[in-house]
Amino acid sequence: MPFLTVPESYTMISESKFQVPVEVLFNFLLSDGAFGFVDDFHTKCGDKEFSCSKWRTDEQGGLVRDVSFLHPIKIYLGAKFGTCQEVQKLRLYKNRRLVIQTSQSIGDAPYGDHFTVEGIWDVEQDSLDENCCDLRIYINVAFSKKTIFRGKIEQSTKDECREVFSLWIKLGHDLLKQEYDRSKGASSTPDSGVQPGATTNEESAVEVAVPVVSSSHDESGARSLIPPTQDHQQRTGRDPSITSTSQELWGSLSSYMRSRQLGPVLAMSLVALIILMQVTIIVLLTRPPQVQMDPHGIWTGSSGYSKESIEWVQKRLSLLSEEMQLAEAHMETMRREFAWLRSYLERLQRTRGST
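Position 215, counted from 1, in the sequence shown is what the numbering used here calls 215; the numbers after and before it change by one each time, with no gaps.
Heads up, a few of these hints could be off.
Computed list of lysine to any residue pairs in SDA-like fashion (alpha-carbon distance at most 20 Å, straight line) [as the list claims (entries may be wrong)]:
(1) K89 - S103
(2) K54 - R91
(3) K146 - Q101
(4) K315 - K80
(5) K158 - Q101
(6) K80 - L70
(7) K177 - K89
Quick caveat, the hints were computed from the structure, so don't treat them as lab data. None of the values given here were measured: they were computed from a predicted structure.
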(Lines of atoms letter the chains of each structure in order from A and count residues from 1; the text may use other names and numbers.)
(Lines give C-alpha, C1' and ligand atoms only; values in the text may rest on other atoms or scores of the structure.)
Protein backbone atom coordinates (compact mmCIF):
# COMPACT_ATOMS: atom_id res chain seq x y z
CA MET A 1 0.00 0.00 0.00
CA PRO A 2 1.48 3.39 -0.92
CA PHE A 3 2.46 5.60 1.98
CA LEU A 4 0.65 8.87 1.42
CA THR A 5 0.42 10.94 4.60
CA VAL A 6 0.97 10.51 8.31
CA PRO A 7 -2.36 9.94 10.18
CA GLU A 8 -3.68 12.91 12.15
CA SER A 9 -3.46 11.00 15.43
CA TYR A 10 0.34 11.01 15.16
CA THR A 11 2.48 13.80 16.60
CA MET A 12 5.86 14.76 15.15
CA ILE A 13 8.39 14.42 17.96
CA SER A 14 11.74 15.03 16.25
CA GLU A 15 13.16 15.98 12.87
CA SER A 16 16.62 16.55 11.45
CA LYS A 17 18.45 17.02 8.16
CA PHE A 18 21.34 14.65 7.48
CA GLN A 19 24.12 15.62 5.08
CA VAL A 20 24.06 12.21 3.39
CA PRO A 21 21.72 10.46 0.92
CA VAL A 22 18.99 8.11 2.16
CA GLU A 23 21.03 5.04 1.19
CA VAL A 24 24.05 6.10 3.23
CA LEU A 25 21.97 6.93 6.30
CA PHE A 26 20.32 3.53 6.04
CA ASN A 27 23.57 1.60 5.73
CA PHE A 28 25.31 3.32 8.65
CA LEU A 29 22.39 3.74 11.09
CA LEU A 30 19.53 1.40 10.23
CA SER A 31 20.86 -1.76 8.56
CA ASP A 32 21.89 -5.08 10.10
CA GLY A 33 25.46 -3.85 9.79
CA ALA A 34 24.60 -0.95 12.12
CA PHE A 35 23.98 -3.22 15.12
CA GLY A 36 26.93 -1.69 16.98
CA PHE A 37 25.46 1.79 16.63
CA VAL A 38 22.01 0.62 17.79
CA ASP A 39 23.47 -1.28 20.75
CA ASP A 40 25.51 1.77 21.81
CA PHE A 41 22.37 3.93 21.54
CA HIS A 42 20.41 1.64 23.88
CA THR A 43 23.30 1.53 26.33
CA LYS A 44 23.36 5.33 26.53
CA CYS A 45 19.57 5.27 27.14
CA GLY A 46 20.15 3.07 30.21
CA ASP A 47 18.53 0.01 28.60
CA LYS A 48 19.44 -3.56 29.50
CA GLU A 49 19.24 -6.97 27.79
CA PHE A 50 18.96 -5.45 24.31
CA SER A 51 18.13 -7.98 21.59
CA CYS A 52 17.46 -7.40 17.89
CA SER A 53 16.70 -9.93 15.16
CA LYS A 54 17.90 -9.57 11.59
CA TRP A 55 15.63 -8.12 8.97
CA ARG A 56 13.45 -10.63 7.15
CA THR A 57 10.78 -10.38 4.46
CA ASP A 58 7.10 -10.27 5.44
CA GLU A 59 3.87 -11.11 3.62
CA GLN A 60 3.54 -7.63 2.12
CA GLY A 61 6.97 -7.77 0.50
CA GLY A 62 8.67 -5.43 2.94
CA LEU A 63 11.05 -6.10 5.80
CA VAL A 64 10.35 -6.76 9.47
CA ARG A 65 12.34 -7.42 12.62
CA ASP A 66 11.77 -7.79 16.36
CA VAL A 67 13.44 -5.74 19.08
CA SER A 68 13.31 -6.26 22.85
CA PHE A 69 14.99 -4.57 25.81
CA LEU A 70 14.48 -3.41 29.39
CA HIS A 71 13.96 0.34 29.69
CA PRO A 72 14.18 2.27 33.00
CA ILE A 73 10.86 3.55 34.37
CA LYS A 74 11.06 6.98 35.99
CA ILE A 75 8.26 6.84 38.56
CA TYR A 76 8.15 6.79 42.34
CA LEU A 77 6.70 3.33 42.85
CA GLY A 78 6.71 0.04 40.98
CA ALA A 79 9.24 -1.79 38.85
CA LYS A 80 12.53 -0.10 37.96
CA PHE A 81 12.53 -1.44 34.39
CA GLY A 82 9.79 -2.06 31.84
CA THR A 83 9.91 -4.93 29.36
CA CYS A 84 9.67 -3.41 25.87
CA GLN A 85 8.67 -5.59 22.91
CA GLU A 86 8.75 -3.86 19.54
CA VAL A 87 7.96 -4.85 15.96
CA GLN A 88 9.54 -2.74 13.22
CA LYS A 89 8.38 -2.81 9.58
CA LEU A 90 10.30 -1.18 6.74
CA ARG A 91 9.03 -0.08 3.32
CA LEU A 92 10.83 1.63 0.44
CA TYR A 93 8.71 3.90 -1.77
CA LYS A 94 9.22 5.93 -4.90
CA ASN A 95 11.57 8.89 -4.98
CA ARG A 96 13.91 7.15 -2.52
CA ARG A 97 11.59 7.46 0.45
CA LEU A 98 12.14 5.10 3.38
CA VAL A 99 9.37 4.56 5.96
CA ILE A 100 9.66 2.53 9.15
CA GLN A 101 6.51 1.78 11.16
CA THR A 102 6.88 0.51 14.72
CA SER A 103 4.57 -0.86 17.39
CA GLN A 104 5.81 -1.20 20.97
CA SER A 105 4.20 -2.67 24.07
CA ILE A 106 5.54 -2.18 27.59
CA GLY A 107 5.21 -4.75 30.36
CA ASP A 108 5.87 -4.45 34.10
CA ALA A 109 4.82 -0.79 34.03
CA PRO A 110 1.75 0.95 35.53
CA TYR A 111 -1.12 0.79 33.01
CA GLY A 112 1.26 -0.81 30.50
CA ASP A 113 -1.54 -3.11 29.30
CA HIS A 114 -3.76 -0.11 28.50
CA PHE A 115 -1.85 1.16 25.47
CA THR A 116 0.80 0.63 22.80
CA VAL A 117 3.23 3.18 21.38
CA GLU A 118 3.14 3.40 17.58
CA GLY A 119 5.84 5.18 15.63
CA ILE A 120 6.66 6.29 12.08
CA TRP A 121 10.20 7.06 10.93
CA ASP A 122 9.96 8.91 7.61
CA VAL A 123 13.27 9.34 5.75
CA GLU A 124 12.89 11.36 2.55
CA GLN A 125 15.52 12.28 -0.01
CA ASP A 126 16.06 16.03 -0.43
CA SER A 127 14.71 16.97 -3.86
CA LEU A 128 17.17 19.87 -4.18
CA ASP A 129 20.33 18.21 -2.87
CA GLU A 130 21.35 14.66 -3.76
CA ASN A 131 23.63 14.52 -0.73
CA CYS A 132 20.97 15.34 1.88
CA CYS A 133 17.90 13.66 3.35
CA ASP A 134 15.30 14.61 5.95
CA LEU A 135 14.26 12.47 8.91
CA ARG A 136 10.93 13.01 10.67
CA ILE A 137 9.77 10.90 13.60
CA TYR A 138 6.11 10.65 14.65
CA ILE A 139 4.45 8.76 17.50
CA ASN A 140 0.92 7.88 18.57
CA VAL A 141 -0.17 6.45 21.94
CA ALA A 142 -2.97 4.01 21.05
CA PHE A 143 -5.15 3.11 24.05
CA SER A 144 -6.99 -0.21 24.23
CA LYS A 145 -8.53 0.48 27.67
CA LYS A 146 -9.90 3.59 29.34
CA THR A 147 -8.01 5.29 32.15
CA ILE A 148 -8.26 8.65 33.90
CA PHE A 149 -4.50 8.99 33.50
CA ARG A 150 -4.62 9.01 29.71
CA GLY A 151 -3.44 12.62 29.42
CA LYS A 152 -0.61 12.01 31.88
CA ILE A 153 0.53 8.88 30.01
CA GLU A 154 0.40 10.58 26.61
CA GLN A 155 2.41 13.60 27.76
CA SER A 156 5.05 11.61 29.62
CA THR A 157 5.44 9.26 26.65
CA LYS A 158 5.96 12.16 24.26
CA ASP A 159 8.48 13.78 26.59
CA GLU A 160 10.39 10.52 26.92
CA CYS A 161 10.38 9.89 23.17
CA ARG A 162 11.52 13.44 22.44
CA GLU A 163 14.51 12.96 24.72
CA VAL A 164 15.38 9.51 23.37
CA PHE A 165 15.05 10.41 19.69
CA SER A 166 17.11 13.56 20.17
CA LEU A 167 19.88 11.33 21.52
CA TRP A 168 19.53 8.97 18.53
CA ILE A 169 19.83 11.89 16.10
CA LYS A 170 22.88 13.29 17.90
CA LEU A 171 24.63 9.91 17.90
CA GLY A 172 23.75 9.45 14.23
CA HIS A 173 25.29 12.79 13.25
CA ASP A 174 28.40 12.00 15.30
CA LEU A 175 28.87 8.61 13.64
CA LEU A 176 28.41 9.97 10.11
CA LYS A 177 30.90 12.73 10.85
CA GLN A 178 33.43 10.16 12.06
CA GLU A 179 32.95 8.09 8.92
CA TYR A 180 33.34 11.19 6.77
CA ASP A 181 36.55 12.22 8.54
CA ARG A 182 37.90 8.68 8.18
CA SER A 183 37.13 8.51 4.47
CA LYS A 184 38.50 12.02 3.95
CA GLY A 185 41.75 11.10 5.66
CA ALA A 186 42.14 8.00 3.50
CA SER A 187 41.30 9.86 0.29
CA SER A 188 44.04 11.25 -1.93
CA THR A 189 41.82 14.24 -2.87
CA PRO A 190 40.78 15.88 0.42
CA ASP A 191 39.38 18.97 -1.36
CA SER A 192 36.92 17.04 -3.48
CA GLY A 193 34.03 18.37 -1.36
CA VAL A 194 32.40 14.96 -0.96
CA GLN A 195 29.75 14.83 1.75
CA PRO A 196 29.87 12.22 4.55
CA GLY A 197 29.36 8.78 3.08
CA ALA A 198 28.91 10.09 -0.47
CA THR A 199 31.80 7.95 -1.76
CA THR A 200 29.66 4.89 -1.15
CA ASN A 201 26.44 6.40 -2.46
CA GLU A 202 26.16 4.37 -5.66
CA GLU A 203 27.11 1.09 -4.02
CA SER A 204 24.74 1.74 -1.12
CA ALA A 205 21.89 2.57 -3.47
CA VAL A 206 22.24 -0.83 -5.09
CA GLU A 207 22.44 -2.63 -1.76
CA VAL A 208 19.32 -0.93 -0.37
CA ALA A 209 17.08 -0.82 -3.40
CA VAL A 210 17.53 -4.47 -4.32
CA PRO A 211 16.51 -5.97 -0.94
CA VAL A 212 13.09 -4.35 -1.02
CA VAL A 213 12.40 -5.63 -4.51
CA SER A 214 14.15 -8.98 -4.39
CA SER A 215 13.34 -11.25 -1.48
CA SER A 216 16.25 -13.59 -2.22
CA HIS A 217 18.79 -10.81 -1.82
CA ASP A 218 16.86 -9.64 1.24
CA GLU A 219 17.37 -12.92 3.06
CA SER A 220 21.05 -13.27 2.16
CA GLY A 221 22.26 -9.70 2.58
CA ALA A 222 19.84 -8.37 5.20
CA ARG A 223 21.02 -4.88 4.39
CA SER A 224 17.84 -2.89 5.01
CA LEU A 225 16.89 -2.17 8.55
CA ILE A 226 15.36 0.09 11.12
CA PRO A 227 16.37 2.31 13.97
CA PRO A 228 14.86 1.09 17.18
CA THR A 229 11.88 3.18 18.24
CA GLN A 230 11.80 3.95 21.93
CA ASP A 231 9.14 4.83 23.61
CA HIS A 232 10.35 4.39 26.20
CA GLN A 233 7.88 5.12 27.28
CA GLN A 234 7.90 6.51 30.70
CA ARG A 235 4.79 6.01 32.75
CA THR A 236 3.46 8.18 35.54
CA GLY A 237 0.06 6.61 36.31
CA ARG A 238 -0.88 5.56 39.85
CA ASP A 239 -1.79 2.07 40.94
CA PRO A 240 -5.53 1.67 41.72
CA SER A 241 -4.74 -1.25 44.05
CA ILE A 242 -4.59 1.19 47.00
CA THR A 243 -8.24 2.17 46.56
CA SER A 244 -9.44 -1.39 45.93
CA THR A 245 -7.56 -2.63 49.01
CA SER A 246 -9.24 0.06 51.12
CA GLN A 247 -12.68 -0.98 49.86
CA GLU A 248 -12.05 -4.69 50.50
CA LEU A 249 -10.75 -3.96 54.00
CA TRP A 250 -13.81 -1.83 54.76
CA GLY A 251 -16.19 -4.58 53.60
CA SER A 252 -14.52 -7.35 55.58
CA LEU A 253 -14.27 -5.33 58.79
CA SER A 254 -17.91 -4.23 58.51
CA SER A 255 -19.05 -7.86 58.23
CA TYR A 256 -16.92 -8.85 61.20
CA MET A 257 -18.26 -5.93 63.23
CA ARG A 258 -21.87 -6.90 62.56
CA SER A 259 -21.21 -10.55 63.41
CA ARG A 260 -19.32 -9.87 66.66
CA GLN A 261 -21.34 -6.91 67.90
CA LEU A 262 -18.15 -4.99 68.63
CA GLY A 263 -19.44 -1.87 66.97
CA PRO A 264 -18.03 1.15 68.79
CA VAL A 265 -14.51 -0.18 69.34
CA LEU A 266 -14.05 -1.47 65.82
CA ALA A 267 -15.74 1.59 64.33
CA MET A 268 -13.26 3.88 66.03
CA SER A 269 -10.36 1.71 64.92
CA LEU A 270 -11.72 1.61 61.40
CA VAL A 271 -12.08 5.39 61.21
CA ALA A 272 -8.49 5.85 62.36
CA LEU A 273 -7.22 3.26 59.88
CA ILE A 274 -9.09 4.75 56.91
CA ILE A 275 -7.94 8.27 57.78
CA LEU A 276 -4.35 7.03 57.89
CA MET A 277 -4.70 5.33 54.51
CA GLN A 278 -6.32 8.37 52.93
CA VAL A 279 -3.58 10.65 54.24
CA THR A 280 -1.05 8.33 52.60
CA ILE A 281 -2.94 8.60 49.31
CA ILE A 282 -3.03 12.40 49.59
CA VAL A 283 0.73 12.49 50.07
CA LEU A 284 1.22 10.39 46.92
CA LEU A 285 -1.23 12.46 44.90
CA THR A 286 0.14 15.81 45.97
CA ARG A 287 3.78 14.84 45.54
CA PRO A 288 5.17 17.30 43.00
CA PRO A 289 5.81 15.67 39.60
CA GLN A 290 9.29 15.69 38.15
CA VAL A 291 9.30 18.36 35.46
CA GLN A 292 12.15 17.83 33.00
CA MET A 293 13.03 20.76 30.82
CA ASP A 294 13.74 19.88 27.22
CA PRO A 295 17.17 21.28 26.36
CA HIS A 296 16.56 21.02 22.63
CA GLY A 297 15.09 23.98 20.84
CA ILE A 298 14.26 26.04 23.91
CA TRP A 299 16.24 29.19 23.08
CA THR A 300 16.30 30.66 19.64
CA GLY A 301 18.65 33.57 20.27
CA SER A 302 18.05 37.21 21.03
CA SER A 303 14.54 37.01 19.57
CA GLY A 304 13.28 35.08 22.62
CA TYR A 305 11.71 31.69 23.11
CA SER A 306 10.59 29.53 20.20
CA LYS A 307 7.02 28.57 19.39
CA GLU A 308 7.84 24.98 20.25
CA SER A 309 8.97 26.03 23.74
CA ILE A 310 5.73 27.92 24.37
CA GLU A 311 3.64 24.93 23.25
CA TRP A 312 5.67 22.62 25.48
CA VAL A 313 5.11 24.85 28.55
CA GLN A 314 1.38 25.07 27.77
CA LYS A 315 1.15 21.28 27.65
CA ARG A 316 2.94 20.98 30.98
CA LEU A 317 0.56 23.50 32.55
CA SER A 318 -2.42 21.56 31.21
CA LEU A 319 -1.01 18.35 32.66
CA LEU A 320 -0.45 19.90 36.09
CA SER A 321 -3.97 21.34 36.02
CA GLU A 322 -5.35 17.88 35.34
CA GLU A 323 -3.44 16.45 38.30
CA MET A 324 -4.78 19.20 40.56
CA GLN A 325 -8.34 18.44 39.47
CA LEU A 326 -7.83 14.75 40.22
CA ALA A 327 -6.49 15.57 43.68
CA GLU A 328 -9.43 17.90 44.41
CA ALA A 329 -11.92 15.25 43.28
CA HIS A 330 -10.26 12.70 45.53
CA MET A 331 -10.38 15.09 48.48
CA GLU A 332 -14.11 15.58 47.96
CA THR A 333 -14.63 11.82 47.94
CA MET A 334 -12.69 11.54 51.19
CA ARG A 335 -14.80 14.26 52.83
CA ARG A 336 -18.02 12.43 51.94
CA GLU A 337 -16.63 9.14 53.20
CA PHE A 338 -15.49 10.73 56.46
CA ALA A 339 -18.91 12.33 57.01
CA TRP A 340 -20.62 8.99 56.39
CA LEU A 341 -18.32 7.15 58.81
CA ARG A 342 -18.89 9.76 61.49
CA SER A 343 -22.66 9.50 61.16
CA TYR A 344 -22.41 5.72 61.18
CA LEU A 345 -20.37 5.82 64.38
CA GLU A 346 -22.95 8.09 66.01
CA ARG A 347 -25.73 5.65 65.09
CA LEU A 348 -23.76 2.78 66.61
CA GLN A 349 -23.23 4.72 69.81
CA ARG A 350 -26.93 5.57 70.05
CA THR A 351 -27.85 1.94 69.45
CA ARG A 352 -25.47 0.81 72.17
CA GLY A 353 -26.86 3.41 74.59
CA SER A 354 -30.44 2.31 74.00
CA THR A 355 -29.59 -1.32 74.73
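So if I understand the rule, the pair passes when the alpha-carbon distance is 20 Å or less; does K158 with Q101 pass? Roughly 17 Å separates the two Cα atoms, so the pair holds.
Against the 20 Å threshold, does the CA-CA distance of K146 and Q101 hold or violate the hint? violated, 25 Å
Just to be careful, I want the Cα atoms of K177 and K89 compared with a cutoff of 20 Å; is the pair within it? Violated, at about 27 Å.
Holds or violated: K89 and S103, Cα atoms, limit 20 Å. Satisfied, since the Cα-Cα distance of roughly 9 Å is no more than 20 Å.
Proposed proximity, R91 with K54 (alpha carbon, max 20 Å): holds, 15 Å
Decide if the proposed pair is consistent with the structure: K80 and L70, CA atoms, cutoff 20 Å inclusive. holds, 9 Å
Run the distance test for K315 versus K80: straight-line Cα separation, threshold 20 Å. Judged against 20 Å, a Cα distance of about 26 Å means the pair is violated.
In summary, the numbered hints that this structure violates are 3, 4 and 7.
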